[in-house]
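Residues per chain are reported as follows:
There are 4 protein chains.
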Amino acid sequence: FLTQTAGIHPKTDKLFHNHHDLPESDLMFSIGGDGTFLDAVTMIRNKKIPMAGINSGRLGFLADISMEELPKALDDILNKRFRVKQLDLLKLVTEIPDFGDFRCALNELAIQKRDGSSMITIHTYLNDEFLTSYWADGLIVATPTGSTAYSLSVGGPILHPSSQDFVITPIAPHNLTVRPLVVPNDVELKLKVEGRGGTYLASLDSRSCILDEETELIIRKAGFSVSVIEPEGHTFYSTLRSKLMWGADKRN
Amino acid sequence: FLTQTAGIHPKTDKLFHNHHDLPESDLMFSIGGDGTFLDAVTMIRNKKIPMAGINSGRLGFLADISMEELPKALDDILNKRFRVKQLDLLKLVTEIPDFGDFRCALNELAIQKRDGSSMITIHTYLNDEFLTSYWADGLIVATPTGSTAYSLSVGGPILHPSSQDFVITPIAPHNLTVRPLVVPNDVELKLKVEGRGGTYLASLDSRSCILDEETELIIRKAGFSVSVIEPEGHTFYSTLRSKLMWGADKRN
Amino acid sequence: FLTQTAGIHPKTDKLFHNHHDLPESDLMFSIGGDGTFLDAVTMIRNKKIPMAGINSGRLGFLADISMEELPKALDDILNKRFRVKQLDLLKLVTEIPDFGDFRCALNELAIQKRDGSSMITIHTYLNDEFLTSYWADGLIVATPTGSTAYSLSVGGPILHPSSQDFVITPIAPHNLTVRPLVVPNDVELKLKVEGRGGTYLASLDSRSCILDEETELIIRKAGFSVSVIEPEGHTFYSTLRSKLMWGADKRN
Amino acid sequence: FLTQTAGIHPKTDKLFHNHHDLPESDLMFSIGGDGTFLDAVTMIRNKKIPMAGINSGRLGFLADISMEELPKALDDILNKRFRVKQLDLLKLVTEIPDFGDFRCALNELAIQKRDGSSMITIHTYLNDEFLTSYWADGLIVATPTGSTAYSLSVGGPILHPSSQDFVITPIAPHNLTVRPLVVPNDVELKLKVEGRGGTYLASLDSRSCILDEETELIIRKAGFSVSVIEPEGHTFYSTLRSKLMWGADKRN
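Chains as they are written, first to last, in this note's numbering: chain X, 1 to 252; chain B, 1 to 252; chain Y, 1 to 252; chain A, 1 to 252.
Any given hint could turn out to be false.
You can't tell identical chains apart in this list, so a pair holds if it fits in one copy or across any two.
[To be verified] Subject to a maximum C-alpha distance of 30 Å in a straight line, what follows is the list of computed DSSO-like cross-link-like pairs (lysine-lysine):
{"no.": "1", "residue 1": "K85", "residue 2": "K47"}
{"no.": "2", "residue 1": "K190", "residue 2": "K85"}
{"no.": "3", "residue 1": "K85", "residue 2": "K192"}
{"no.": "4", "residue 1": "K91", "residue 2": "K190"}
{"no.": "5", "residue 1": "K221", "residue 2": "K47"}
No lab work stands behind these hints: they were computed from the structure.
This is chain X alone, in the form it adopts within the complex (with noise of 0.2 Å):
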């Protein structure tokens, strides 16, 4: 039988189609970048289908295979060389029809404020308790393997694949005592914006919508996970020093 890579970016003219012989249909390949992994995973779900990532450009955390590496990892993989990682999903447990029945993020989920309107302020609970009020341009509550992402790029720390945590990071907040904010993924996180305009926008990792203030997230850990291949001799480690080039300093 064959095995179909979903691996489709619709926003980019790097498209691939993939088909691949496997004994079983056991094995997705997503060809791209983090993106196009991110977009695959909506296609699997909850299928538990182990997932490879394939990467044609600049390596990613996802999609960590290179060109290079391919033929020794498909034989590393042929022969059940690799293990298998488990990543945590959050879940948008508010019903939000943009976002049809899969409101599950591999990354993050991400508020922000309109095109040029002025910031928000995003009241924020655990477990129904108030923590507080984020005045921001918006606020990014990321996974594990959300947090090498646009958690990152905004100051976030880094968590370790198996942290059982989120990590809630705001963006350009005003108040210059907040900090990012590391949480236990089994907390109900609730989520009122509040600003000029009205609306805000709301991402699942690539997909995003505009909702109406009056809509609160709701948001929880997913009850599943997905499996990701790591071929032998990839780790968090090595690619935490060589796509954050950790190793490499160039200053004196």
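We have chain X; now place chains B, Y and A onto it with these hints.
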């Protein structure tokens, strides 16, 4: 004669008109927040009329006279007990119809990606020499006055009011080694934007418009400055201490 | 009979001894700042006696009962109106004579370069797997409790008290891509230090000593936790808001 | 005649002496890292001899000519194909015997707490006007040249070489609202240190000494600058891009 304040903020119900007797019509009051003050600047422009910012709500950096201080401040002002400080502006040299004929900013010029789109690349040149390409959500070019506004929220330094520099601060930069860059205000800056959507958002203080990627932006120091009244006892340092709570420290 | 407080801070003249009647000797008061509280922990150790931190000066994260609240708090405590929260400690497994037989820290273990010497390299391993080599002034391994202390000052995130993670935060890292790393508290951390001077400084909370570079440090979660009394109305969130002024925002 | 390089770095075994024929003794080579270059500055002082920094290891900001480039760079230099840039220094006006009669720094003056002691308070004045009191591990006053050194590691911005500013950057500040402050280099800075130990550490580039708290420090711009040779093709921008890897971005 009457001096009219033009401090009208269209988006808030805390609207104030103010008519005030003064020996000569050589003073303008902005009553509202810092946003109101910035709007008033678009009316005063290069007329060299000193402005005083009276704040109806939380104290601002620009509108730094509180309602409680108002009687004393008015008395001081009428009796010439004040200093006038000059604040530099930056000027968008590129003619953008949406910005009209006043293309200056007291705080900052900001470039941003559009709603829900992915990051943009901002190729940046100083005096026509290539500096770097920022891959980010946006980029801020701030004056010393603006260094305590948006630029500060995304990690920029504070510039002393008499600094002859601007600061270039990226918004959510993807490259983790990028840092705010302080440059002399006599350079000419050129920004070229590139992204998937083909358009981007440009703002001069609180005014913003959507531009095509073909539109390069040239930024220079404006040829005039704004005169702001600094009542007795008000200094940049005291404002820093009270506004940013530099004196306050509630950790142990 | 009597419960004696052991909250004695040798370096300050704000010294308090406290003798207190309680039905059973099952409560300890630490009177002073957070430093006093940390010292008291070195006396209580794993005895599971609940501690209450009364603060004579500025409120602390640990010593969070103010003098004004004291009468009500005492009444609440005597009438059992309080919760007991458990705070995890970390343990320096390596036997270092200078630290005696109690090598645990409620806040953090910190490694630092010596006075006036140049940066040190800290080779870091998680469960014996190489993570990275930090080239920095030092490195902090903090518990959730310690995440609001030293680690926060050097840019670390805040960890929720019930997070099962530690955070590794470098001090003045030379490599600009290095970020705080949040790791599960069931890992074993190994640190090897290298530098020009041959020695480095290691601290467990407020106790510190000088070590040779040959001395590798092994760090794990301690096998016990400290019980801390949380009076009515005191929560982690309210402390965050009041201590870090998350509610306060004096910019406009 | 001979031009002697003085690039002697006492703390490393990578010691280089260099004797070099040049038509006139009007050029000094520093061979080593940036530290060697800083040491050489203490020998050249205000003699206006242009310096060229040749780097035996990793490229530096100051020692920015690599061994591979050396033949071409030498040829360029001998044929006058280079620019000379002037780098400002700061001067510690206060007479401190340990620093001898050369109390200038090309990079920074740094104040630090002593080994294992608690934080210090640094009362800071600009032109005798009180700015604020930093409660921190230390404070850095950096020139534009020094803005890419220690100050950068603790979160300071980068200053363009022709900026007429200094930057004041706290080390591990306890107050979370404190930010780096960029001030005109024609101000006079005064620092008063207060702490439990009674002493603190002061450094001028790589030289440091221990001072009593009574010792106030006055800092100004030095009355001379250092002339540095910038070979063809070397610019501040290209150095930023290569040293800080501003071009490199390995996240997806």
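The hints, checked one at a time:
Taking the shortest Cα distances, K85 and K47 sit within 30 Å of each other inside one copy (15 Å), while across copies they are farther apart (40 Å). Taking the shortest Cα distances, K190 and K85 sit within 30 Å of each other both inside one copy (29 Å) and across copies (24 Å). In this assembly of identical chains, the alpha carbons of K85 and K192 lie at most 30 Å apart only when taken from different copies (29 Å versus 34 Å within one copy). Taking the shortest alpha-carbon separations for K91 and K190, only the intra-copy value of 12 Å comes in at or below 30 Å, while the best inter-copy value is 35 Å.
For the identical chains of this complex, K221 and K47 are intra-copy neighbours only, at 17 Å inside a copy versus 36 Å across copies, given an alpha-carbon limit of 30 Å.
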